[in-house]
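Following the hints, complete the assembly by docking chain B onto the known chain A.
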Amino acid sequence: MAKYVLKRLLGIIPTMLIIVTLSFFIVRVAPGGPFDGEKKLPDVVKKNIEAKYHMNEPLLKQYGRYILGVIQGDLGPSYKYKDHDVNFFIGSSLPNSMILGVIAITLAVVFGVTFGILASVNQNSWVDYLSMGLAVIGISIPLFVICPVLQLVFAMKLQWLPTSGWFRSGDPWTTVIMPSVALSFSYFANIARLMRSSMLETLRSDYIRTAKAKGMKRSTIIFKHAMKGALLPIVSYLGPAFAGIVTGSVVVEQVFRVPGLGKFFVQSSFNRDYTLIVGVVIVYSVILVVMNFIVDVIYSFLDPRISYQ
Amino acid sequence: MKKLFSKISSFFSDKVRMSRHDKAEKKGATNEFDQVVQGNSLTKDAWRRLRKNKAAVVGMCVVIIYALISLCAGILPIYSYEEIIIDHQYLPPSLTRTAGELMMKRQLSELYATAWRQGRLAITSEENAMLSQWIENDKTSRVWDWCYEEGQKQLAAGTFSFNASEQKKVDKLEESIKSDIQVTVGSIRWTDPETGKTRKLEKLDLMTLVEIYSKVLGGMDTAKVNASLESGVTSQMKTEVKAKNAEMELTSEELDNLVSLEIGSIGQEGFAAKQIALAINNIEAMVQSSMKKQIKAEIKEGTNKEFPYKATEKMFDCLDVQVEASLKNQRRYILGTDNLGRDLLSRIIYGGRISILIGIVGTLTSLFIGIVMGSIAGYFGGRVDYYIMRFVDVLYGLPYMLLVIICMAIFGTNILNLFFALAMVSWLTIARMVRGQIMSLKNQEYIEAARSMGAGGARIIFKHLVPNSLSVIIVYSTLRVPEFIMQESFLSFLGLGVQAPLSSWGSLIGDSTQGMTNYPWRLIYPALVMTVFLFSMNFFGDGLRDAFDPQSKNML
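So the sequence lines, in the order shown, correspond to chains A and B.
Counted the way my numbering counts, the first sequence spans residues 14 to 322.
Counted the way my numbering counts, the second sequence spans residues 11 to 566.
Some hints here could point you the wrong way.
To be verified - For each label pair, taking beta carbons as the anchor points, the in silico distance ranges come out as:
#: 1; chain 1: B; residue 1: L216; chain 2: A; residue 2: P55; range: 29 to 39 Å
#: 2; chain 1: B; residue 1: L480; chain 2: A; residue 2: Q172; range: 52 to 62 Å
#: 3; chain 1: B; residue 1: D266; chain 2: A; residue 2: V58; range: 49 to 59 Å
#: 4; chain 1: A; residue 1: R78; chain 2: B; residue 2: I74; range: 52 to 62 Å
#: 5; chain 1: A; residue 1: R78; chain 2: B; residue 2: V68; range: 56 to 66 Å
In case anyone wonders, no lab produced these hints; they're calculated from the structure.
Virtual Cβ for every residue (Gly too), placed ideally from N, Cα, C.
The shape of chain A in the complex, shown without the other chains (with noise of 0.2 Å):
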């Protein structure tokens, strides 16, 4: 097991340097840096701010110097705003966004798998049809059409939650609602179809024939039973969820203006302000691979049948 861990922590490693290197030359290949397009500047102070940045160095030494500054944790200055650098604004950006997508990601987990598991104990009964109803919904439509409706109905024609704003002075909470419900509503409908299936299928096993045999309650063979292997596929779909969160959370950030890393993300795409672009890649690399490998250690202890090969 513990060779297993740490097999899969050092894989990691090769992963995020492709990251870190594919990111950090996409960006300079282009054509335009992130000094020209304002007014011209001389060559002798285009010259005096390149070597600031070391930006007159060969390539591969400027990348040679990022990467170690990364391993130390320094992201680099900021090239746009200056006397910025890139770890003050993931530092006073990042916790909104974790706050943000934990509590999706907790919305859709707890929600999915209720409607999950009520659809496949009722089958064909009024309650899988509605909560299928909804997971079709949810598939559907997409989260930048989500968005904006939920805003125009409960913010703007009902006023019953705040249009926009983060913790807002007053009633902090109810900032969070909107953002967070819609980030997690696709992610809640893909799980409760998962619950749904692999619940039917369980429920259909030999083991559990065997449980109602000894007459067990059944709030038990399902409990006890029935949702400890149905689970499984819910944790593995977990990985791409919480990708498919970091990059949803663009969206939701922009349309209900949350001070996140979308913001900056497509801002500084923009601005082609090179290390707070690969900065921001990287954070959300780390995200979502730290993520994938808890996902995967959960899943090793949840099905002994895996090998940790």
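Using the frame of chain A, we list chain B on its own:
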């Protein structure tokens, strides 16, 4: 003679008998009771199952309707999707009322609302409080509607009247609603007076364009015209440079320096290209305005013009112009207009065309890459398989949508880039699937038979293996199309996808998020159209999967 005839006839009857026999033989497979047994192919069987699935059939029909509409968008009787009419900004959707009536209503509501503010509208204090409450809650449109109703009533009853300047406004609007003409200029062709050849304006060189322009301007000196074009381009660039450096306070001297730098950097050819573009633009504008004058004069003289009016007119002796004229305020916008007065209906239709096109072509591209990579990995196995699959695994771990966003932002946002960026990252799942299929098929006897007959790797893969795994691939790819559309729209929503004047569902929704309270139709209709399409595509795809693989029905 008789003999010959009988011979011929017997020959023919033989033939007839024989062919009948053949047919019976071909009908072929009979069971032990001599009943004809019909074979059933996989597709036939799947079709039979698909037909039973109501949701899938409805989905298929909807998808076909969408496809037909977007195919026929060019010949549908809808307004242009890129024509900007500033007067028609933000007109609400209406089936019965024309743009003019809606504009009139808007003007009147505004006047009544102002009158209410000034206290000239006689209403009770309760009503007054209600209106103030609405204003506080940001429900301006409701206030306007209410004021309109009330104002109309009071105007009819004679308890309220407009003052002189207001009356003038109303009259002016009424006049313009009656008579305003929108002239659209299509392609302009120029006939060379010497050779008699006709060519499009875009294909002419600068000298000829200058000549034409001077003629259009009423025989101005060509040198003067050329000079004016030059200064026009320079001032154009000046505004561009100024906009680029909006945050810096430039002195006029610095600005001039920058502009001359910019001119130097685009070179003589770039400058000439800009001049040509400007000249064409100006000629079009001149043609448009003089056409408008002409038509108005004709109407005044009493010539009866049928609107909409479409014709190719000869202007300034040498230009053939395709003209389309219509009474612009008689238009009906079924789904309303957007912030630049463009018809939302046609923008949705053309947007759908682009979204669906990207969905289909993107899926095909990713299918192509995925099939090639997957089948090579699956068929050759060993080291090739190992490296391709490791590569796929690593790419799987990337937050690829983020990389697509970076690519779009940095390499420029045009459709081709969008499409490549999406296709490059979406072939992974297909490659994995095809690999699995091919690995399970490659040890079958018929492959061995093909190999024993000397077929090479490529032939076996593309003639035997891929066609046999095609049904799985097709089913999967129908489920890919909505996902592709979602991704494209996601990027367009962020402003990284399709650029104006083109539209896509995503960009329409993205644009609509500003001013949602007052113009909700701009959000609702594109969202609805897109959701219906995604719904039906998902149902159709699910139905197809169930039909081709009935075992999977209860799986996901």
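Violations among the numbered hints, reported as their numbers in ascending order: Hint 3 contradicted; others consistent.
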